[in-house]
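Protein chains: 2
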Amino acid sequence: MSQLTAQISMSLDGYVAGPNESMENPIGAGGMRLHEWAFATASWNAQHGRSGGEDNADSKVVDEVTANIGAYIMGRNMFGPPPGTSDPDWKGWWDDEPPFHVPVFVLTHHQREPLEMQGGTTFTFVTDGIESALERARSAAGDRDVAIAGGASAIQQYLAAGLLDELHLHVVPVLLGGGKRLLDNAGDPKLEPVDVVASPAVTHVKYRVVRN
Amino acid sequence: MSQLTAQISMSLDGYVAGPNESMENPIGAGGMRLHEWAFATASWNAQHGRSGGEDNADSKVVDEVTANIGAYIMGRNMFGPPPGTSDPDWKGWWDDEPPFHVPVFVLTHHQREPLEMQGGTTFTFVTDGIESALERARSAAGDRDVAIAGGASAIQQYLAAGLLDELHLHVVPVLLGGGKRLLDNAGDPKLEPVDVVASPAVTHVKYRVVRN
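Chains A and S supply the protein sequences, listed in that same order.
FYI, in this note's numbering the residues of the first sequence are 140 to 351.
FYI, in this note's numbering the residues of the second sequence are 140 to 351.
The shape of chain A in the complex, shown without the other chains:
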């Protein structure tokens, strides 16, 4: 069956965004340091229509975690607009062609018509909970996997509900000292590390959630 997966870069002290998130800096102070390893890979650059980058172990991981995804689920903060602001025409943090290229189901409390973007991304707004979003995403994905695009809260909710099959962490050797923690309020899942890839920039650990 299609798997529910999540992959995310986390600082060694457990943060997926730095402190003081704002409109100008949506992933907080120092948050970009979590993603430099990816920006340096050939895979990430190719996926964003650019040349360059290194074809190394990290690049292979980027290929792996983005393969075979038929739909995404996304938390409302990751879609936006930023907390405390409102913009009924907000179309996400991306440009007219977001980098998803498949259906994206956005968890939200605000009903809204689906938003069809260029390049195959459609944002569908789901107001009746995480299980409903998963059901709709699975249906859209067919045989392919469903990935949680982020952020922390969406991953936590699926992990705590026992619905996540795989958590692929990219542990970046920096200490952000504050910000948004990934693994708070995530329950006590039985996790098994099933694959580890090490590079000088980051340690990738894939955890399988073991069901009883």
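The hints are simulated quantities; they were obtained by calculation from the structure and are not laboratory data.
A few of these clues could be false.
Pairs count within a copy or across copies, as identical chains cannot be separated in the list.
Said to hold, decoys possible - Here are the computed lysine-lysine pairs in the DSS-like style, where the Cα-Cα straight-line distance is at most 27 Å: (1) 345 x 199; (2) 319 x 329; (3) 230 x 319; (4) 329 x 345.
Got chain A sorted already, so can you dock chain S onto it with the hints?
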């Protein structure tokens, strides 16, 4: 030169002890889950005078992290007595022959005569700060390394002060959901993962602290 190292088991959510530490349960609720991987190794059992345990990748790591240590530094909570209690004859959490077998320098605010135990362990109480403790430990260790035995606060202080050379984390795939965090208040050291050993029970990552 002799290195200052620390090795410690940490939950995937960043805790080295669970919540609700007490005299009966000095490493908090669920804290023992962080150490089960070590108890299962042949090395740990042999070091504690027992037979049994598995001679696997984890066992080799236990051998590695306990080799070549000429002295330890220990925080006051790790030595004890537990916060809120007082016992002028307290001799640590261990029996008459503690498992260190070399000089141990205890960071404390209370002056006390050195305490010579069986098997080569001597506890010396240092009241004039972490740099003094390090100097004395280096002197005692000679060519061998100095290891911080724990706990979290001692490791944080040496890391924040730029004095730690190597941090060897054993990342255990459990979420404790609360307790004592290892990497708070540790500054922003430049860390480089230099060795990763993976097993089904734990992911060992050795970080070198890079100096500018």
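Check the structure against each numbered hint from earlier and tell me which ones fail, lowest number first. No hint contradicted; all consistent.
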